[in-house]
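Number of protein chains: 2
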Amino acid sequence: MNTATQSPENTAEGVEALMNRLGQAARAAATMMAASSTAARNNALLALAARIRSEADTLKTRNAIDIYAAESNGLSAPMVDRLRLTDKVIETMAQSCEQVAALPDPVGEMTNLRRRPTGITVGQMRVPIGVFGMIFESRPNVTIEAASLAIKSGNGCVLRGGSEAIESNKALWALVQAALADAGLPKDAVQLVPTTDRAAVGRLIAMPEYVDVIIPRGGKGLIERISQEAKVPVIKHLDGNCHTYVDAEVDLDLAVKVTDNAKTQKYSPCNATESLLVHVAQAAAFLPRIGKVFADKGVEMRADARAKAILADVPGAQVVEATEQDWYEEYLAPVIAVKVVDSLDEAIAHINRYGSHHTDAILTTNHPNGMRFIREVDSASVMINASTRFADGFEYGLGAEIGISTDKFHARGPVGLEGLTSLKFVVLGQGEVRG
Amino acid sequence: MNTATQSPENTAEGVEALMNRLGQAARAAATMMAASSTAARNNALLALAARIRSEADTLKTRNAIDIYAAESNGLSAPMVDRLRLTDKVIETMAQSCEQVAALPDPVGEMTNLRRRPTGITVGQMRVPIGVFGMIFESRPNVTIEAASLAIKSGNGCVLRGGSEAIESNKALWALVQAALADAGLPKDAVQLVPTTDRAAVGRLIAMPEYVDVIIPRGGKGLIERISQEAKVPVIKHLDGNCHTYVDAEVDLDLAVKVTDNAKTQKYSPCNATESLLVHVAQAAAFLPRIGKVFADKGVEMRADARAKAILADVPGAQVVEATEQDWYEEYLAPVIAVKVVDSLDEAIAHINRYGSHHTDAILTTNHPNGMRFIREVDSASVMINASTRFADGFEYGLGAEIGISTDKFHARGPVGLEGLTSLKFVVLGQGEVRG
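Residue numbers (full-length UniProt numbering), protein chains in the order written: chain A, 1 to 435; chain B, 1 to 435.
No wet-lab data here; the hints were simulated from the structure.
There's no promise every hint is true.
[Claimed, not checked] Derived DMTMM-like pairs (lysine to aspartate or glutamate); straight-line CA-CA distance at most 20 Å:
#, chain 1, residue 1, chain 2, residue 2
1, B, K231, A, E229
2, A, K231, B, D407
3, B, K231, A, E224
4, A, K231, B, E330
5, B, K170, B, D81
6, B, K231, A, E300
[What the hints assert, rightly or not] Here are some chain B residues the structure puts well away from chain A; computed CB gaps all over 12 Å:
#, residue
7, A56
8, E71
9, G74
10, M110
11, K187
12, R225
13, A248
14, E376
15, Y396
Heads up, the beta-carbon is just placed ideally off N, CA and C, and yes, glycines get one too.
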């Protein structure tokens, strides 16, 4: 345990030199990962699951160092809880590695092979992107999530976790490197930034020679700063101001059930509904019913004048007048913005103007309206008659989720293994030449 | 012809305000284009073809102004030729609009729809990206190419052509706007930057609120500068240092024919082969034959020591010793770098190190070697037994080509209509909620 890779923060090496070394090592290893067999990558994931289970006590001991420091530094109890590697968290990490191992291998898949008039056959092959950088906070299990997706997709990665979880992350990372070695794969494929120096992030996001894409998780401020300063593409979303729109023609029971779920099943996720739009034709019928649900659950309603006039009569409802700012807001709390609209057009225009292009749903029995909504709402996920809470890589069947993108380039929406790959063209010929 | 949109360069309006106005107009129109019918967009393309033919004389008159200025400014004859709107160029533009109209509509296509255990159906819908900015030089027909692909793909665009073609571009753009209006589509969907002020480019590439992606065509220096300064993704390639690798097991007749075509069919395209790698087992048999072809066609060979020793005996061969720099070079001329390698591994490593990740081919009869090559060579197009000259949107069956990308994100290789679109997730439910 005394090599330079394992404890460079104790050396005189500068952060830039350190990051260059990690990046270079990841890049070289990624080339080998890209050429590795499906079996070797799956074996590494199974070995990792086994090591997580067999080293549970070590993980808890190292985790205790982070917990002690966090408590000494006065971190709030919920923050400390997020750091904790309990038996349940440890078993879940092990299982997630096994689940990723069981997914189909995205690498090397060839699609769209077609014969051209010249005789050549042209198609596309899915290959790893190369090396991704991941920046995350608190929960140390993200180290295992990111590492397992890197291994499965044949990429290298450089992980930068939160300083409060550094001991836990190092312990987990040691298991990842050992599991790679178990499977005959280069252990340098997964790198962990071993220093808490913030300059490391600045370098990580600006070395295209070693790192092809950055995936940040964390607060909006952090992600905005990373996006502005990065010299490589960033897979990200900033906000989840998701809308549920209740159309003029709708099954009211369905609308109440889905809107309730979209808002209240959990308040903190980015795919929870934050704004409710109701067509004027259903306002008088729908708003009192959903208003009662929200009143019973203590959800505050920030309503426009027309919605307020109806909701004010609901016993126990907390209704306040919405300001312009409310239409932009991602509350992540028992608060919802409510607006009555005169048409589908107005609903679509409102969502495209105020929304965050994350996830938006229409509840309707009218087929053309549903089709117009999903085509014209410019968001990563668009839904008909379903809860916005479904916007999730596992619910979509991707098998895993490394992040959610609200950009239109490359991966959009929940990002699984495919978002970590690239499609190159392959041409299969028998000596054809161009005329 | 006296509205502000048509001649803003004559007003006191600043370039930034001008570009903001063009961008805003394109953004607003793009929303309508995204929602427009397939028929309307195809009608616009057919109307454009008709107008190009019926206004051929006007086009030639306006083009003559550019030609006169170019000749007065002492532009070289080949440069002036590239500017010229001949009857043939005009007819080709009209036909290309008809060909784009005949392509399948990429917009609204839904794929991968699958039922999930929860009951929801999840898939992806292809939608326009929004607005692209295109920066190009000399040939005015690019105005029609870019406009027709924007119309077909339901995008808006802001075009910035070369100052030497400004009158021709304006005349073509007027036809585009008229054709959009013919079809009941917003004419603002296609904007032309009407000023030759270079500050316009700086603004075009840095207004993500209006322009989603930049596609530059031109010299490497221009594209590098744009890539560094752009605040939005750039679809681009810098070099085409393409390789042809002759493997240890190969059909020599095929190898001579394909290598000849890859190098000499045309010298200037980015997909012409610039470096030839030959396995040592075939060097003595293959190099004299290809050396004779190159000698006869006046192609200079920059060879490593082992290749030079063989090629020196070929009558009439122009052989010089290669320097390290030759392995990086994109000659775009009757010059080729030649190297003997000891293994497939060495060939792959050489290509990944010195190449430009554009297009590389292996000529082999050995199946595992072919498969390893196409998997491990990290380029946008990889080929077995075919000429690198095939790397082209039309040859690949994309129906059109807006550019070629050597990046791994989003579109890679020749970029057709799909590269101008984005995939969003669609969820079709019957009132499902998340548990």
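Against the structure, the hints:
| no. | hint | verdict |
| --- | --- | --- |
| 1 | K231/B x E229/A | holds (10 Å) |
| 2 | K231/A x D407/B | holds (13 Å) |
| 3 | K231/B x E224/A | holds (13 Å) |
| 4 | K231/A x E330/B | violated (26 Å) |
| 5 | K170/B x D81/B | holds (19 Å) |
| 6 | K231/B x E300/A | violated (39 Å) |
| 7 | A56 | holds (29 Å) |
| 8 | E71 | holds (34 Å) |
| 9 | G74 | holds (35 Å) |
| 10 | M110 | violated (9 Å) |
| 11 | K187 | holds (21 Å) |
| 12 | R225 | holds (15 Å) |
| 13 | A248 | holds (17 Å) |
| 14 | E376 | violated (5 Å) |
| 15 | Y396 | violated (5 Å) |
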